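A.B. asks: Given chain V's structure and the hints, the job is docking chain B onto it.
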Amino acid sequence: MIDLARSTNQETFVMNLGPQHPATHGVLRVKLTMDGEYIVNAEPVLGYVHRMHEKMGENRTWAQFMPNTGRLDYLGALSYNHGYVKVVEQAMGIEVPERAEYLRVITVELNRIASHLLWFGAFVLDLGGFTPLLYAFDDREHILDLLESVTGSRLTFCYFRFGGLYNDIDDNFVTGTRAFIKRLRKRLPDYHNLVTKNIILIKRLKGVGVLPAEMCRKYGATGPVLRGSGVQYDVRKNEPYSVYPELDFDVPVYAEGDSMARYMVRMDEIEQCMRIVEQALDKLPEGPVMAEKVPKILKPAPGDYYGAVEAARGSFGVRIVSDGTNTPYRLKLRSPTFSNLSLYGEASRGMLLADALALMGSLDLVIPEIDR
Amino acid sequence: MILTEPWRVLVFLVGIIAFAALNAAYLVWLERKVAGHIQGRIGPKEVGPFGLLQPLADGLKLMSKQLLVPKGVDPLLFKVAPLLVLVPAVMSFVTIPFSDTLVARNIDIGLLLIFAFASVNVMGLLLGGWGSNNKYAVISAARAVSQNVAYEIPMLITVITMVMITGTMNLNEMVVQQAGGFWNWHIFANPLMPIAFLIFFTCSLAETNRAPFDLGEAESELIAGFHTEYSGMGFGVFFMGEYANIIIGCSLSAILFLGGWHSPIGFLPDQGLWGLCWFLGKVYFLIFCVMWIRWTYPRTTLWGLLNLSWKILIPISLLILLLTGAMIKVWPLIIGVS
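Residue numbers (the numbering used here), protein chains in the order written: chain V, 1 to 372; chain B, 1 to 338.
Only chain V is shown next, with the shape it has when bound in the complex:
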């Protein structure tokens, strides 16, 4: 950290970080005012991949908007599917069969593992370590194969339907998932030995980029960013939905608030996700995966509905306003990364460029989800 009050009379320069820059992992642009290598001011400039998803929602039927939800955060698309179907089901009063809810949880948690694994690789890549990326992608590939076998796609999933799922799983999925979890349980200690305990990594993350809990609350940060600052908030626990109350899992919380804490939260979450998936597979009931009597044309009763789910990056909320017709009157998406990025300007003030980029990596940004 630098004493900014003392340095204001020195010469500063403006540097454009992005929209094409290796560290932003997308088309985010950050306007940096720099004093040498210190950041005096950082101003994220958004909108380079703005696709007007919310406006699109107003011009499509309820069901037609489903594929859009998979294109917000393409790394954890199933959580976004879940958030949308959940609130529409709530508006329509549709009961979802239990088997479908279990399968939703299983696939969402697998997707969360995939998302965290990719983040792990990309984050260490931001810190200059190239190799973990390839290992993480190797593991992620197994998840994508599993999800492809049931959902039909590998990235921008559109698996959930109002009232259930597109199709049921088969035995191969169950055995494949169990085998994958066994494999990842063996690989995670390797990651910790090779990466987490690396002295250079520790020096770069410990005590760097501290986000006080107060700052996170002020900007509405959620997910691993908030939990890394010592706030025990997880939508799955605080506002339980689906079958999460029936599953036993912990919410990892680290009080330090530095980049290392956010790193550890995500690494611990991978383990918790594996626990959830295993339990859900054990408890998986028989039965249909689609509710009966779901109308072909949805017309939710006029009203204002909100629902949130815990996505890989934090709380994803959907607010829909229905006027009783077959298209939404208004559709508002509350994406977690937008709020998580908002604190970047304040948090990075006075930091070294390299540390500020480590901080940015630890926020786990997905730009299409910020811009929507």
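Note that these hints are calculated values from the structure, not bench results.
Here the structure is a predicted model, which means the values were calculated and not measured.
Just so you know, not all the hints are guaranteed correct.
Claimed, not checked - In the DSSO-like style, the derived pairs of lysine-lysine whose C-alpha atoms are separated by at most 30 Å in a straight line are:
1. B/K135 to V/K197
2. B/K61 to B/K45
3. V/K237 to V/K296
4. V/K218 to V/K203
5. V/K218 to V/K237
6. B/K71 to V/K206
7. V/K31 to V/K203
8. V/K186 to V/K218
9. V/K283 to V/K299
10. V/K283 to V/K31
11. B/K33 to V/K186
12. V/K332 to V/K299
13. V/K182 to V/K218
14. V/K203 to B/K65
15. V/K206 to V/K218
16. B/K71 to B/K33
17. V/K31 to B/K311
18. V/K182 to V/K197
19. V/K299 to V/K55
20. V/K55 to V/K218
21. B/K71 to V/K31
22. B/K45 to V/K206
23. B/K61 to V/K203
24. B/K135 to B/K71
25. B/K79 to B/K65
26. V/K197 to B/K79
27. V/K283 to V/K237
To be verified - Estimated spans, in silico, between C-beta atoms of each pair:
28. B/A116 to V/P22: 55 to 61 Å
29. B/L60 to V/T175: 48 to 54 Å
30. V/K283 to B/L62: 56 to 62 Å
31. B/L60 to V/E58: 31 to 37 Å
Heads up, the beta-carbon is just placed ideally off N, CA and C, and yes, glycines get one too.
C.D. replies: Using the frame of chain V, we list chain B on its own:
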């Protein structure tokens, strides 16, 4: 190896340039193979057997690309900078003894000459960054200079220690002193020398801008650092210079500490071609270690880097210098030998 003077210079000149260029090309291939295998891939394999023709394809690609000179650059500095990196590196090969007879110029101050050329190298990075008219390049140039200054000090202190032990700056003579087996190598000259070797090797990593000290071209921070604006062979020459510097650094480590062209066990032959093999074997092993480190470790920050140099490496190397001096001069007095 008996050549008359003008021919000798010519042969060595061509030989050295060919050696540097060939190594730059094939070290890139090796680096990609090593990186591939470390990362659970197989690396280049399509072009030629084992991808051995890949460097040729890469070179052709670089040469066929346009040499772009962006607006607002200082044209002279922009064009000279890559040469300022490559030429000193190639010149340093002049005094390196590849075997007992294979050395271009057996100069008495060979060691000094290499460090003089190594210092010119940083000028190339500075001018390339400065002349590019790019903020990332300027930041990178500033980083590279402070890094090189910080690491040249512990490196030179270690070298002074070595000169105290050997009593010569002639590289060939240094190697000759280490004859007879690995226990005679200078890395075992006294109990402190293994530490000195580690310091020297770390510093040579930092001097050549290699990971984990590759702050000059930290791709996730500064895009490509000082060569962000370079295209085609301008970039290619920077690249060749970088690899030539790695070879120089590893050759010096091998000559100063690991017995140069001597065989590790006394009775194995190390004359002529054998010596060349032993020397190259040691050098390539060290280069492999350099690559191994690069693909295993994340990058340090500038502070971490400077702290390591000024607070840890310099004090330790000074201590080694002092203790080695004491061992050479005071110890004989105590035990009463001359």
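A.B. asks: Does the alpha-carbon distance linking V/K283 and V/K31 stay inside the 30 Å limit?
C.D. replies: 50 Å, violated
A.B. asks: Mind checking the alpha carbons of V/K283 and V/K299 for me, to see if they're no more than 30 Å apart?
C.D. replies: 34 Å, violated
A.B. asks: How does the Cβ-Cβ distance of B/A116 and V/P22 compare with 55 to 61 Å: does it lie in that range?
C.D. replies: Given about 36 Å between the Cβ atoms, the range is violated.
A.B. asks: Quick one, are B/K71 and B/K33 close enough, alpha carbons at most 30 Å?
C.D. replies: 37 Å, violated
A.B. asks: Verify the proposed pairing of B/K61 with B/K45, using a straight-line Cα cut of 30 Å.
C.D. replies: Holds - the C-alpha atoms of B/K45 and B/K61 are around 17 Å apart, at most 30 Å.
A.B. asks: Need the status of pair V/K218, V/K203: alpha-carbon distance at most 30 Å?
C.D. replies: 28 Å, holds
A.B. asks: Below or equal to 30 Å on CA atoms is what counts here, so check V/K237 against V/K296.
C.D. replies: 33 Å, violated
A.B. asks: Measure nothing beyond the straight line between the CA atoms of B/K79 and B/K65; if it is 30 Å or shorter, mark the hint as holding.
C.D. replies: 16 Å, holds
A.B. asks: Can the restraint linking B/K33 and V/K186 be considered satisfied, given a maximum Cα separation of 30 Å?
C.D. replies: OK: B/K33 and V/K186 at ~26 Å, within 30 Å.
A.B. asks: Between V/K31 and V/K203, does the CA-CA distance stay at or below 30 Å?
C.D. replies: Satisfied, since the Cα-Cα distance of roughly 27 Å is no more than 30 Å.
A.B. asks: Would the hint linking B/K71 and V/K31 be met if the CA-CA limit is 30 Å?
C.D. replies: It holds: about 22 Å lies between the C-alpha atoms, which stays within 30 Å.
A.B. asks: Does the structure keep V/K31 and B/K311 at a Cα separation of 30 Å or less?
C.D. replies: The hint is violated at about 35 Å.
Violated hints for the displayed structure, listed by number in ascending order: 1, 3, 6, 8, 9, 10, 13, 14, 16, 17, 22, 23, 26, 28, 31.
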